[in-house]
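Visitor: If you're matching them up, the sequences are chains A and B in order.
Oh and the first sequence: position 419 is 419 in full-length UniProt numbering, straight run, nothing missing.
Oh and the second sequence: position 303 is 303 in full-length UniProt numbering, straight run, nothing missing.
The hints are simulated quantities; they were obtained by calculation from the structure and are not laboratory data.
Careful, some of the hints might be misleading.
[Said to hold, decoys possible] 20 Å max Cα-Cα, derived SDA-like pairs, lysine to any residue:
#1 A:K115 with B:V150
#2 A:K155 with B:A148
#3 A:K115 with B:G283
#4 A:K115 with B:P147
#5 A:K392 with B:D29
#6 A:K115 with B:H32
#7 A:K49 with B:V150
#8 A:K139 with B:Y208
#9 A:K155 with B:V150
#10 A:K115 with B:L27
#11 A:K139 with B:Q79
#12 A:K115 with B:Y284
#13 A:K155 with B:Q146
#14 A:K155 with B:G81
#15 A:K69 with B:F25
#16 A:K139 with B:Q146
#17 A:K155 with B:H32
#18 A:K404 with A:Y301
#19 A:K155 with B:A133
#20 A:K115 with B:N162
#21 A:K155 with B:T161
#22 A:K49 with B:Q123
#23 A:K155 with B:W135
#24 A:K49 with B:P145
#25 A:K139 with B:D29
#26 A:K139 with B:H32
#27 A:K115 with B:A133
#28 A:K139 with B:L58
#29 A:K139 with B:P147
#30 A:K139 with B:W135
#31 A:K69 with B:G283
#32 A:K155 with B:Q79
#33 A:K139 with B:P163
#34 A:K115 with B:T164
#35 A:K155 with B:T164
#36 A:K155 with B:P147
#37 A:K139 with B:F132
#38 A:K139 with B:A148
#39 A:K69 with B:Y284
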Amino acid sequence: MADKNGFFDLSKTALTRRTALKGLAAGAGLAVAPGFVRYAQAQSSAPIKIGFQSHRTGIGAAYGRWYEKTTAAAIKAINAAGGINGRQVEVIIEDDGTDPGRGAEVVGKFATQHKTDIVFGTLFSHVVIGSAPAAGEAKIPYFVVSEGHHVASTKLNRYVFQPGITDVKSQIQAMAPWIAGNVGKKVTMIFPDFAFGYDHRDYLPPALKAQGADVIAQIAIPPTESSFTKYFPQIPAETEVLYHVMVGPAVLTFVKELGEFYGSNRPQLFGFMDSLEATDINSPGLEFLDGSHFWEGSPRYAQPDDSAAQKAYRAAVGIDDNGAAVGDPKDISTASHMFGCWETLYVVKKAMEDAGYKGPEDRAKLVEATEALTEFAEGPEHPQGPKTFNGKIHQCFGIQNISKVEGGKLKVVHKTKIEDGLYEAEGDYTTQAL
Amino acid sequence: MSEASPAKAYALHLGVIALLFLLSFLLPDYYHGLLARIMVLAVFAMGYNILFGYVGLLSLGHAMFFGAGLYGAGLAVIQLGWSVPAAMLSGIACGAVLALVIALLALRTTGVAFMIVTMMFAQVFYLLVLYFAAWTGGDQGMVVPQPARVLTFGATALDLTNPTVRYMTALALFSLMLLITLAIVRSRYGRVLVAIRENEERTKMLGYDTFSNKLAAVVVSGTICAASGAAYALLFGYVGSSFASVQYSILPLLWVLLGGAATTLGPLIGTLFMYYVIDITSGYTSAYLLIVGIALILLVLFFPKGILGSIRQRWLGWLP
């Protein structure tokens, strides 16, 4: 992978008569030079360039680092197997600072300066939404790994895809039957008072209702809050399940204070691993989570029944059995999300090969080829599990894992089916002009 | 500072506008797009400069005026289906009204208290954007649909998503605001503002109603910032709460300090400088903000009046 940064390129400077003559002379010289044939061949097999919009700095930096590691591993594997359409793949990284304004600039930079074939890899929803207009205007395919519902909502544009990770609406819907059937039917939700929390606030109650369970209270915590004890008395006494999706640095305080509030007599807990990505589950203060359940996109800890593909993926990315970097047990991965980078790159490979993709002039063909995809079989290219893809809403659907905290590890106790997370399409991108 | 003849000052500014116009045909695609964005944000800095540079009032809440324009225009298109000109006017009007209300309250304070009060109001604005997420899109923000970003004049339709149209629209806004700023600072009113900055008590003693003048300055400043926010939403197609966060209150202050407070062209220079430093250094290191910080420290040490302010002090005393 390479970081690149150019300044003014001279491709658009005015051509004078003298420079034209010089150019002709130089061109003639090159044509007769012995290296010319080799040079021409190199052009026809020039690498496919993927612009990686990375959260290197800002609030998403922990995710960004692991997204880069996973991407590097996938590209290495793809190149080792012959690349895409026989061409090697090169990744160019630009930091978006996890900022939507900068994100849009970075997409523009990929399209017009680096002239990459696609843009890839964005996680945070506000950066995706802020960057999507720039991708649509530049007509450059934009493959995000965000899990937000924004792509599937069909509020973005035809150039934005999310084929490697399921969206949060689907995840919540898939969790509901298991929660209602195994943990409890009276659910109190505690969530951050911003968009990530609102997805859960809006999608969980109807999903639980369909299973005969109810959300009996919703407690929104302001994003600026650093202490949570004062909110806990709002939790109704009849609560059977406390559904929590707090994220950010305050999570440790949240869990610690929750433990102090309840002691040993607590309701069942169900959370989303987004809360604890890149955080050691054995951190001081998290003991209270022992015995509770979490959604995981892809399991952090190696499981006894891991497939050969899952094992190969973990080895390639460099995570040990505890989900930490090989050689650095304190460097915890973002396993629930980063597999999406691996799988998305293989979707890009498949779509480019289906489209007979040669260069930026084939971007529209690439969009159509991606929309034509319908399913991805579990295997080395899709180690998290099988998926279906809805080309109308540019979103994949897959299995989800429910894991229990036991002895300081997360053990997968249930895997949902793809059908559990399916929902009616809210629109159709394919009706938009390319 | 010596006084320039009006012709000299206007010639310089028209020259800058002409240069920006020419750059549209010379710049590579990426820098062409980046400069359009910089011109829009330079308008934000110009609005900030009216209050900070000329009146000497340091606000830490101007993100709310930018945000008022951004949401005033963006939501008018997204939620109400208004046309681009109506949305632009809506954004500007939102900023003007907000600035008037904030000015009436905040101008009861001065100095550090003014900074804190403006920062608090901006925080209230930011939290309101999050609170009304059902309409504003909260922290995720919303996309202004591409088909709605078209400017129609009779039978002529200008697509604001077209890079050339966008650049020229940004240039038109920038040019208009630059000339308005120049006219303001050269007017009697502009001189009163500088007098307030230099010695408010003495200005009062001379018979000027300093409160009314400062009130007008906040409204002008807020309105210009709102125009920038409205243009940003319509030209770049995204409205989001990060543009109303405290970061966007600090940025115009940095741009103005860098370019030169109380110089009409300083905001453009500062915004341009900061953008290019970030763009270039981020290609080499993820610690680019450290480099930006060092650049700022060096500038403050060696050019305390900013780039254009220092040039004016040392060589070109006539610069407005």
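Visitor: Find the hints from earlier in the document that the structure breaks and name them by number, from lowest to highest.
Guide: 1, 4, 5, 7, 8, 11, 15, 17, 22, 24, 27, 28, 30, 35, 37
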